[in-house]
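A.B. asks: Chain by chain, the residues run as shown.
Protein chains: 2
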Amino acid sequence: MLKPGDTIGILGGGQLARMMALAAAPLGLKCHIFAPAGDNPAFDVAAQRTEAPYEDEAALAAFAASVAVVTYEFENVPARTAEILSALVPVLPNPQALETTQDRLIEKRFIRAQGLIVPDFEPVDTLEGLYHAVERIGRPSVLKTRRFGYDGKGQAMIRPDTDLAEAWDQIGRTPAILEAFVPFEREVSVVAARSLTGDVVAYDVAENRHAHHILAETILPANITPRLEVEAKDAARRIGAALSYVGVFAVEFFVAGSGEGEQLLVNEIAPRVHNSGHWTLGGAETSQFEQHIRAIAGWPLGSPRRLGRIDMRNLIGSDADQWASLVAEPGLHVHLYGKSESRPGRKMGHITRVTI
Amino acid sequence: MLKPGDTIGILGGGQLARMMALAAAPLGLKCHIFAPAGDNPAFDVAAQRTEAPYEDEAALAAFAASVAVVTYEFENVPARTAEILSALVPVLPNPQALETTQDRLIEKRFIRAQGLIVPDFEPVDTLEGLYHAVERIGRPSVLKTRRFGYDGKGQAMIRPDTDLAEAWDQIGRTPAILEAFVPFEREVSVVAARSLTGDVVAYDVAENRHAHHILAETILPANITPRLEVEAKDAARRIGAALSYVGVFAVEFFVAGSGEGEQLLVNEIAPRVHNSGHWTLGGAETSQFEQHIRAIAGWPLGSPRRLGRIDMRNLIGSDADQWASLVAEPGLHVHLYGKSESRPGRKMGHITRVTI
Numbered sequence: 010m011l012k013p014g015d016t017i018g019i020l021g022g023g024q025l026a027r028m029m030a031l032a033a034a035p036l037g038l039k040c041h042i043f044a045p046a047g048d049n050p051a052f053d054v055a056a057q058r059t060e061a062p063y064e065d066e067a068a069l070a071a072f073a074a075s076v077a078v079v080t081y082e083f084e085n086v087p088a089r090t091a092e093i094l095s096a097l098v099p100v101l102p103n104p105q106a107l108e109t110t111q112d113r114l115i116e117k118r119f120i121r122a123q124g125l126i127v128p129d130f131e132p133v134d135t136l137e138g139l140y141h142a143v144e145r146i147g148r149p150s151v152l153k154t155r156r157f158g159y160d161g162k163g164q165a166m167i168r169p170d171t172d173l174a175e176a177w178d179q180i181g182r183t184p185a186i187l188e189a190f191v192p193f194e195r196e197v198s199v200v201a202a203r204s205l206t207g208d209v210v211a212y213d214v215a216e217n218r219h220a221h222h223i224l225a226e227t228i229l230p231a232n233i234t235p236r237l238e239v240e241a242k243d244a245a246r247r248i249g250a251a252l253s254y255v256g257v258f259a260v261e262f263f264v265a266g267s268g269e270g271e272q273l274l275v276n277e278i279a280p281r282v283h284n285s286g287h288w289t290l291g292g293a294e295t296s297q298f299e300q301h302i303r304a305i306a307g308w309p310l311g312s313p314r315r316l317g318r319i320d321m322r323n324l325i326g327s328d329a330d331q332w333a334s335l336v337a338e339p340g341l342h343v344h345l346y347g348k349s350e351s352r353p354g355r356k357m358g359h360i361t362r363v364t365i
Numbered sequence: 010m011l012k013p014g015d016t017i018g019i020l021g022g023g024q025l026a027r028m029m030a031l032a033a034a035p036l037g038l039k040c041h042i043f044a045p046a047g048d049n050p051a052f053d054v055a056a057q058r059t060e061a062p063y064e065d066e067a068a069l070a071a072f073a074a075s076v077a078v079v080t081y082e083f084e085n086v087p088a089r090t091a092e093i094l095s096a097l098v099p100v101l102p103n104p105q106a107l108e109t110t111q112d113r114l115i116e117k118r119f120i121r122a123q124g125l126i127v128p129d130f131e132p133v134d135t136l137e138g139l140y141h142a143v144e145r146i147g148r149p150s151v152l153k154t155r156r157f158g159y160d161g162k163g164q165a166m167i168r169p170d171t172d173l174a175e176a177w178d179q180i181g182r183t184p185a186i187l188e189a190f191v192p193f194e195r196e197v198s199v200v201a202a203r204s205l206t207g208d209v210v211a212y213d214v215a216e217n218r219h220a221h222h223i224l225a226e227t228i229l230p231a232n233i234t235p236r237l238e239v240e241a242k243d244a245a246r247r248i249g250a251a252l253s254y255v256g257v258f259a260v261e262f263f264v265a266g267s268g269e270g271e272q273l274l275v276n277e278i279a280p281r282v283h284n285s286g287h288w289t290l291g292g293a294e295t296s297q298f299e300q301h302i303r304a305i306a307g308w309p310l311g312s313p314r315r316l317g318r319i320d321m322r323n324l325i326g327s328d329a330d331q332w333a334s335l336v337a338e339p340g341l342h343v344h345l346y347g348k349s350e351s352r353p354g355r356k357m358g359h360i361t362r363v364t365i
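So the sequences go chain by chain: A and B.
Position in the first sequence (first residue = 1) + 9 = my numbering.
Position in the second sequence (first residue = 1) + 9 = my numbering.
Do not rely on the hints blindly, as some may be mistaken.
Unchecked claim - Some but not every residue of chain A turned toward chain B, in silico, with C-beta under 7 Å:
(1) VAL54
(2) GLY163
(3) MET166
(4) GLY307
(5) SER312
(6) PRO313
(7) GLY317
(8) TRP332
(9) VAL336
(10) GLY347
(11) SER351
Unchecked claim - With beta-carbon atoms standing in for the labels, derived distance ranges:
(12) ILE126(B) / ARG318(A): 41 to 51 Å
(13) ARG121(B) / LEU316(A): 50 to 60 Å
(14) LEU316(A) / ALA333(B): 19 to 29 Å
(15) PRO62(B) / GLU92(A): 39 to 49 Å
(16) LEU316(A) / ARG156(B): 38 to 48 Å
(17) ARG247(B) / ARG218(A): 26 to 36 Å
(18) ALA220(A) / ARG314(B): 28 to 38 Å
(19) GLY147(B) / LEU316(A): 21 to 31 Å
(20) ALA220(A) / GLY354(B): 28 to 38 Å
(21) ALA225(A) / ARG121(B): 54 to 64 Å
I should point out that these hints are in silico values taken from the structure, not numbers from a laboratory.
Built from N, CA and C at the ideal position, the CB exists for glycine as well.
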């Protein structure tokens, strides 16, 4: 159990690490950010910073020696990095959660093993395998690399007229899965936290709208039935327990069908604080960032109570140029990430409106 | 007007600077903390840090060159420091506000000039002057140094049996004022912000309870009549305008009398974010720290709307040892300042309960 004055190590220097560090400070905890050279806005709010590649073993050892626990802001932490650190200091969430969620095939099999529904899928290792998979799954379907995909990267849509060899080239001919396309009504997610003692708190289900594969807007309450609200939170609880997870994670779902036939399919698990939980800053009694820090510090979790109706929008690329009019809007929570350069598709900040 | 990415310089490395820096980050603004060697918990959450005496002119020049505006967390900024910085970079609130509030005599005359009531007072420059002042003001009364007093330091109570020579020795035989003792019913304060364009927003009146001259508890709403609530906010508005003030400040009042005879007397002005405004973190739509950053950045002010009934308590000295049970209390906002050493009388953190 950490005590005030202790230092938390965070792998990654982006906005998620930054918001974690901002949440750690009021709890009296310091942060040490470890990130490769680049635009690392989390450096600006942390007590200690190490700029080094994730492969720099000497830097990792010095980092581990300076902190009481290590956590991370992204799921693609190299396995070797996690292994080196784990030998020296507790790493939470545990690296097994990373192994499970870094690989879409392992992840989907794990989710099924929990009795939850995922879109039908087939592993694909070769172009020939892709032909077979399309035969079984049908079109439209989605070809996704097993590893390192996010925000739509590493994906190819298989439409009625898609040339399979081209799709296979497009994703880089790497191990993949073919996933049935779900004609979903909406996308929702549950952000939950699990403590060192196994307590789980889940925030209310969020409804998410994406644009160009990037989260654009999150609203709460989600437009789903009370039955599905319960099922989604329960799925998160089962997943958290099965992973012996400690910290905040998100489960993304597709909602298919409607009325009595409404059904949840698990899309993916994110083993970290999640964009669809950013509304909790100002919109919930305890933010997901504070919740994550509490969990990995071995502290009791806070209340996930929602303070009102929520509308959270991401500021992507040039959206953030509107900052002057946004900060002038009464009651709007504006959160800018301090990134030095705005690029198309880059998450620059978010805004949340809480209506009571 | 500052824009996201710009850097704010803050003089002082304590909890007020720390909470300002934590509020600046979500607005995309960086902070550079300047403070003398010592326990500077604000260093842990700032992009840049300079550890140097306030008299180090080279360090001040380098600091000024690195920031877009300078502000401060404490009223006793040396006049020479403010002068050096003002020549190089905007200093907000303006140093004239410091000059007015650093000296109790100048401050009281200024407040009276605004048509506001202060406890009766007499300047005291010698022991003989103290005898004369006591003759006019009477006992009980309070002898206070003109400069550098806070949290009860530099004060001596003149009771019926107090030896005046001893009291004069006690405060260090420095220029002082003798103030009539006000048999007050309660102490209240208004925290307000004034923008670069002269807009003022005032938070609701807070009722404060002190222990050993240190703020122990702030509750809202204050137990005063609606008439006094209006008068207190109006006093803050007048004071802010007369000082051409930019930023957050607090006005402390005594409430004397009761019912129709209830009356406000101004005790003092604090030209900075104020302990009696800490409840705004989690208890108001915009915290006093964000409000201060908005003001000195030249941005519009946020809504001061209070989110519920407030009970804020300071964690003084060993109070903070109870952190483990405090962070386990549902719905309690815990804020620890990250100080490395707990001493009796030292402010280590605060807790706020917001009841809706």
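A.B. asks: So, for every hint listed, does it hold in this structure?
C.D. replies: A quick look at each hint next to the structure:
1. VAL54: Holds, about 5 Å.
2. GLY163: violated (30 Å)
3. MET166: violated (36 Å)
4. GLY307: violated (10 Å)
5. SER312: holds (5 Å)
6. PRO313: violated (11 Å)
7. GLY317: Hint violated; GLY317(A) Cβ to chain B Cβ min 10 Å, cut 7 Å.
8. TRP332: holds (6 Å)
9. VAL336: holds (5 Å)
10. GLY347: holds (5 Å)
11. SER351: violated (10 Å)
12. ILE126(B) / ARG318(A): 41 to 51 Å: holds (46 Å)
13. ARG121(B) / LEU316(A): 50 to 60 Å: violated (44 Å)
14. LEU316(A) / ALA333(B): 19 to 29 Å: With a Cβ separation near 26 Å, LEU316(A) and ALA333(B) satisfy 19 to 29 Å, so the hint holds.
15. PRO62(B) / GLU92(A): 39 to 49 Å: Between PRO62(B) and GLU92(A), where Cβ atoms are some 47 Å apart, the hint holds.
16. LEU316(A) / ARG156(B): 38 to 48 Å: Distance hint for LEU316(A), ARG156(B) holds at roughly 44 Å.
17. ARG247(B) / ARG218(A): 26 to 36 Å: violated (49 Å)
18. ALA220(A) / ARG314(B): 28 to 38 Å: holds (32 Å)
19. GLY147(B) / LEU316(A): 21 to 31 Å: violated (52 Å)
20. ALA220(A) / GLY354(B): 28 to 38 Å: violated (55 Å)
21. ALA225(A) / ARG121(B): 54 to 64 Å: Taking Cβ atoms as reference, ALA225(A) and ARG121(B) lie about 57 Å apart, which means the hint holds.
The structure does not agree with the numbered hints 2, 3, 4, 6, 7, 11, 13, 17, 19 and 20 stated previously, though it agrees with the rest.
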